Amino acid sequence: AQKITQTQPGMFVQEKEAVTLDCTYDTSDQSYGLFWYKQPSSGEMIFLIYQGSYDEQNATEGRYSLNFQKARKSANLVISASQLGDSAMYFCAMRDLSGGYQKVTFGTGTKLQVIP
Amino acid sequence: GAGVSQSPRYKVAKRGQDVALRCDPISGHVSLFWYQQALGQGPEFLTYFQNEAQLDKSGLPSDRFFAERPEGSVSTLKIQRTQQEDSAVYLCASSSLVGYEQYFGPGTRLTVT
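Protein chains in written order, with the numbering used here: chain A, -4 to 111; chain B, 61 to 173.
This is chain B alone, in the form it adopts within the complex (with noise of 0.2 Å):
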């Protein structure tokens, strides 16, 4: 398809476990963006790519989170050594560099026990 998509949608973790969860934004856009949504929340901005560069990481809530976009195209966020308040979903979002839409992926939610 030609949307957003993130892998795997589901993910179930135990505590304490590392966790990759993986975004294929839409084929040329050059901005990526990770969002945390909490139950019942709106989506908290995470961090932002412009191609390969990560230009923001202001919002990853400590250092076990970690993205990469090596080759400017997919994504992967890293959650080291999980603890039960990551659960969430995490959705993915990417835009072109003059769009003002951003499309979202499916979100993959993670649930650590």
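Just chain A, same shape as in the assembly (with noise of 0.2 Å):
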């Protein structure tokens, strides 16, 4: 079974500073897939960002990047340069990429507040 793990239930950064949020998973599984998404107040979920197991390199997508770190089974977001609208709750989640079937497992999440 996989599992995810958010450990910071609540994040305070200034505005125009890096912050990085922390997600640990479980898996047994030797091809997956981990994502981060931001849920603003409104509800929508809002894909961020994608690391393949087998990607070599971090993923990096404008301001977040990935710092994907395989032994370790962590895959923390980092979003450099904060904005006010950048506060949201962030979930990471994770996927088998092994049987085809596209079931995803998301963590408890992550609130991130932006201060001005």
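Result set (DSS-like, lysine-lysine): computed pairs, CA atoms no more than 27 Å apart in a straight line: (1) K(-2)(A) <-> K106(A); (2) K(-2)(A) <-> K117(B); (3) K65(A) <-> K(-2)(A); (4) K117(B) <-> K98(A); (5) K74(B) <-> K138(B); (6) K74(B) <-> K117(B); (7) K138(B) <-> K71(B); (8) K68(A) <-> K98(A); (9) K71(B) <-> K106(A); (10) K138(B) <-> K98(A); (11) K106(A) <-> K65(A); (12) K138(B) <-> K117(B).
Rough simulated footprint, nothing fancy, chain B against chain A, three-plus residues with beta-carbon under 8 Å: (13) 28 to 39; (14) 100 to 110.
No lab work stands behind these hints, which were simulated from the structure alone. Computed from a prediction, not measured in an experiment: that's the story for all the values here. Cβ coordinates follow ideal geometry from the N, Cα and C atoms, glycine included.
Put the two chains together into one complex; each comes in its own frame, and the hints tell you how they fit.
Spelled out as structure tokens, the structure:
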């Protein structure tokens, strides 16, 4: 079974500073994908970034980067130059890629608040 | 629009009533998922469709929950005899068969009184 752990219920960051949101995972699968989603107060889940377990390089998407440490089973999200609009819930998630079935397991989330 | 749509956005039901929640996936997306998100929690998987076939319903919490996708596009999640513990946001997501990203709808917030 897959499990995602996000140990930070809430985080504060000063505007324009960088922030790291922690995520650790547990799986016996060799091939898997890791995701981060943003959920603003409006409720929609917005895809941010993806990392495959066999990807050599850490994924980056604009101000988002994923610090992937496979041996430690961690997939932390780094947001650079925080903006007020980054205030939201952030969910780490993973998916088994081996069988073609795309079930995704989510963590409990981290609430990020950006302070002006 | 081109995204996933869900209706209604908000639903208030009295305990014991039946409800039906609708999901319109992105056109052409083969895979469709339903998730339940309780307040302050991450989404929890309910069920998965590939086209019209329901391949996994292991997350449905009880036999009061039923989902269908008869023509492989629109899906309906039905909850019979609603209970207070059913109060949650119900999220629908779709994806292509080979794509890794799931596209989520805005969700339906169900409140059972």
